[in-house]
Amino acid sequence: MLLKKAKAGALLDAIAAKERLFVPADDRGTSRFVAYGAGVEPRFDLLNTKLPPKDLLFPATETLYRWSRDGADLAIDSAFAETDPFTVFGLRPCDMASVDRLDAVFLTKGYVDEFYQAKREAATFVVATCAHPGRACFCDSIAASPHEAPTADVLLEDAGEEWVVTPQTEKGASAVEAWKPYLEEGDAEPIKAACDLKVDMAAVPEKLKGMFDDPIWSDIGDQCLTCGTCTFVCPTCYCFNIDQDVREDEGKRFRCWDSCMFTDYTAMAGGHNPRASKESRVRQRFMHKLTYFNDRYDMNLCVGCGRCMRDCPAAVDISLIIDRIAASEPAQEKEAMAHA
Amino acid sequence: MPRDNEQTGEFTPKILAFCCNWCTYAGADLAGLNRMNYPADVKVLRVPCSGRVNPQYVLKALQSGCDGVLVCGCHPGDCHYSTGNYYAKRRMMIFKRMVEFAGLSPERFQIRWISGSEAGKFRDTVVEVSEQIRALGPMENDAPSRAAIDAVAGTVASPEADEELFAAAKEAI
Amino acid sequence: MADVQDTIRERAAALLSSGEVSAVIGWGAGRFDDVRFPLVVKRAEDAGKLVFDASCVQMTAKRLLEHTGEGKVALVARGCESRAVNRFIADHQLTRDQVYVIGVPCPGMVDPATGETLKRCAECQVRNPVVHDELVGDPVPEPKPYRFAEVDRVEAMSREERRAFFDEMYGKCIRCYACRNACPCCTCRECFVEQDKVGWQGKAFNVNEARYYGMIRAFHTGDRCIECGECERACPMGLPLMVIMHQQVRDIDKLFGPYEGGGLTDSGPDPLRTYKTDDIEEFM
Amino acid sequence: MPKTPIEVSHGCARNNGEPYVPQVCRVIDIQEQTHDVKSFRLQTLDGKRPFACEPGQLGMFSDPPYGECMFAVAGVGEDYCEFIVKNVGFTTNHLHELSVGDEVGLRGPYGNWFPYESAKGRDMLFIGGGIGMPPVRAFLRHCLAHREDYGRIDFVYSASTYDDLVCKDDLFNVWPNEPDTHVHVSVYHAKEGDGWDGAVSYTAPYLEQVFAEEGLSTENACAVLCGGPSLFRTCRESLLKLGFAPEDIVTTLEARMKCGVGKCGRCNVGGVFICLEGPVFTEAELARMPRD
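Protein chains in written order, with numbering that gives the first Met the number 0: chain A, 0 to 339; chain B, 0 to 172; chain C, 0 to 283; chain D, 0 to 291.
If you are wondering where the hints come from, they were derived from the structure by calculation, not from laboratory data.
Among the hints, a few may not be true.
[Said to hold, decoys possible] Heads up, simulated DSSO-like pairs for lysine-lysine below, C-alpha to C-alpha not over 27 Å straight-line: (1) C:K196 with A:K251; (2) A:K251 with B:K13; (3) C:K41 with A:K206; (4) D:K190 with D:K167; (5) A:K277 with C:K143; (6) C:K253 with A:K277; (7) C:K48 with B:K13.
The structure presented is a predicted model; accordingly, all values stated were derived computationally and were not measured.
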């Protein structure tokens with residue numbers, strides 16, 4: 000089945016008439032996934048939106064419960080609510096790979112996060128492949144591929160003027176069924192693009208295990224501002240804080256995005272902070288992305304979308320860091336050399 | 000939280016007045032002793048000196064439910080600590096211009112010098128500020144109109160995104 | 000600029016190998032030709048990694064504060080970095096003898112996104128270093144461009160429009176604190192944002208919390224701002240942060256001036272940390 | 000009797016509905032332990048125990064409008080859970096202002112627990128310092144409740160001064176009277192007129208001294224350790240020096256925690272989350288982790 004790009008507008012209108020629909024679009028000088036409606040110009044030509052789609056499943060601020068106090072009495076009401084079905088149209092394969100990572104975090108390892116789960120189950124992801132990966136894209140050597148997205152509900156393979164439409168899940172099949180009036184029979188040759196930028200991840204997770212004291216961390220610490228940009232534009236960074244808003248005798252407790260780059264991220268009551276130095280926070284971020292997460296969930300936490308490289312005010316480049324780790328000597332050899 | 004007077008339906012503002020301990024607070028005290036009437040909209044918060052009022056208190060108050068803030072201290076030259084209000088004056092002049100530049104109604108943040116003997120001036124100031132803020136209505140009224148938004152906003156992605164953003168802005172300053 | 004770059008490398012190598020300085024702060028080359036990043040060089044043999052060209056967009060001076068404990072530090076300083084050095088000295092963050100300033104007159108940098116002059120350079124008042132131990136290259140002319148155009152534009156708006164302008168700005172803020180971390184005036188050991196126990200800064204992401212952060216930070220630095228524009232350059236969301244800084248500088252100039260911005264000398268007091276008994280009175 | 004290896008379980012999935020939303024509990028008893036330590040007993044509004052939990056597990060205590068804090072459960076009774084709280088910061092300061100009858104939020108239990116099954120048949124050496132008491136106390140009470148399952152029990156406990164010793168009643172009146180249970184208490188600093196005539200020593204040297212004086216053996220023993228960063232480091236060294244195998248030393252860690260369910264990301268040591276897989280680890284496991 001084919002979808003002519005020129006006719007995508009009609010399909011989007013039809014989807015939006017049924018349920019909430021999110022598309023990549025410009026928004027006041029930045030870009031993100033916005034609710035489709037009158038006047039919205041989808042930007043399917045954008046490689047990556049400035050802000051990642053993670054807020055659709057894991058909002059930047061999300062109320063967990065409300066409480067009210069009346070003297071000694073306390074009332075607590077959960078803020079959990081079911082989510083109506085919605086479609087995200089035009090996601091990139093790297094962003095889809097990031098959803099896989101969020102799924103692993105919030106839906107496995109004991110506890111299921113029902114706030115996330117409700118949104119995840121309501122979501123249909125329609126992924127458009129990338130015909131022309133950007134210069135900072137390196138998904139195909141770390142986590143994904145510009146031309147496939149195995150966990151997407153529907154895959155739209157870019158074939159120039161049209162997309163080749165392939166449902167990949169049951170949810171996707173029923174979606175495509177409903178799209179039939181807007182699709183055309185036929186075949187087209189999808190563009191199987193590859194990223195120019197490559198990293199060699201093979202040995203990185205293992206090598207990092209011996210690099211806790213490597214000078215690389217102080218070098219990156221010198222360069223890094225320890226602002227939270229990389230963590231907020233990253234589609235997979237999921238760490239959050241739990242805090243509250245108080246108005247007199249009532250309030251709400253919410254979770255909000257947090258960043259391992261911030262000093263107050265690990266500061267404990269009483270003043271002890273296990274990661275007080277810039278170096279230790281930088282190490283935590285890259286160790287988490289490239290080895291800790293692999294140990295726990297068997298995949299990299301970096302999907303190679305390139306957002307952090309593009310937006311970092313100090314031009315910290317995760318691909319260069321991976322290169323340096325890949326090129327470093329394993330710790331045992333270094334020790335052996337030191338003893339020699 | 001209900002802010003309209005239940006009987007009259009009239010809007011009763013919340014105004015926070017930072018009053019210096021040595022002059023304005025004494026002036027407020029004297030106004031009380033002389034049984035002067037002034038609106039109960041104003042909640043007096045005693046501070047050691049107008050120089051103690053960190054401008055961030057003002058913005059915090061406006062964001063936490065106050066409809067107006069008044070900062071009062073000794074007349075320049077009369078500061079109990081000799082210079083505190085001179086510093087306060089410079090700071091508040093710049094801060095006031097900054098928050099007004101950012102779109103706050105000027106009446107919502109005012110600074111006055113009121114001495115310990117000026118009970119009448121305290122009463123008059125409070126009446127004046129209270130009337131001005133009653134006329135402005137609650138803080139939410141400071142939010143921009145649709146026309147103002149359209150005049151300055153960049154390319155808006157969608158009406159819905161737009162609504163979300165400005166609904167949050169309407170909650171307080 | 001190739002000569003300048005060569006001289007910087009030579010001088011860095013000489014300073015490091017003689018032991019006069021323990022580190023040289025400049026720029027290094029990223030993966031792409033238009034990407035440069037703040038680089039701290041600690042060994043003479045690494046001096047060749049230093050680059051200087053029209054893509055050195057970052058104002059690197061803040062890095063000084065992280066290395067002053069390790070001995071004298073050299074800083075490759077253009078006008079903006081040199082004003083930051085003065086700023087640090089006036090704010091008692093370091094002493095003049097802790098830093099060796101390799102002054103570089105700056106022709107203005109290029110914004111890789113647009114190919115035009117970087118905004119902070121287009122507004123720059125001081126292209127030649129105001130303080131230096133040595134100067135690499137010849138001084139450049141100081142065009143002193145008008146920097147208040149955006150302030151004029153916003154000031155001409157109605158109150159509601161100004162409010163809408165700032166709602167839009169703070170509505171986009173992701174509170175990554177890049178502006179604070181890059182700012183040479185933001186040297187508090189503990190920022191009000193992190194004073195969790197006092198709770199000044201709410202953790203939720205919305206326009207009001209962003210406004211609180213943005214405006215209070217702007218005011219904290221308002222009378223010391225060196226107008227380097229690094230906050231705006233660092234902002235990943237491209238917010239026009241300098242408009243509120245320029246507005247304060249201009250008001251200070253009008254009310255308590257003459258005042259041309261912070262960091263022009265290394266001594267205080269700053270305009271809001273002093274007073275005159277005959278200051279304008281408007282709160283009677 | 001051949002000794003079974005100590006096995007700490009790290010996969011303690013227990014989905015109790017909404018992991019972030021606390022239940023409302025009532026404070027039914029408050030004991031002032033020291034000038035800055037209080038213990039609280041919490042009960043649900045219908046008079047039940049808030050949750051069943053294993054020794055060493057954690058509970059998230061919240062006191063709206065103030066914050067949430069994670070504490071090790073110090074003990075459970077038929078109809079209550081007990082927490083021991085030291086006043087160190089903003090939230091704990093307000094917790095100390097609670098009175099009996101006040102309602103607070105509690106969620107949990109979180110984390111893993113002490114290996115009381117695999118430790119059966121062993122001599123138990125507990126080591127605690129200052130406010131490191133609660134988790135150790137929970138395990139110790141478990142051992143006392145199943146006294147016949149364990150060998151000799153020793154408890155080495157220290158605090159800064161006599162006044163800072165928590166659970167004095169347990170230390171001096173209750174536990175010493177249990178069969179084959181030996182409590183050794185030291186303080187770091189003696190103070191004139193505080194009534195303390197016992198040992199004055201830091202924990203690690205005192206531990207070595209007790210070990211020698213009592214003629215303890217590492218042969219069939221298990222050591223359980225909890226305390227602040229410096230006690231933790233020195234006592235780990237001492238235990239290894241005394242000849243304990245790393246596999247026989249059980250510790251419990253602390254970290255800043257927010258979610259309690261291994262999602263929010265801040266309490267990791269390497270790839271392990273203290274709130275979920277921990278806080279209980281053996282020394283052997285710690286040695287394999289990064290020193291983060």
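Quiz prompt | Hint check against the structure, violated hint numbers in rising order | solution = Result: hints 5, 6, 7 break, sorted rising.
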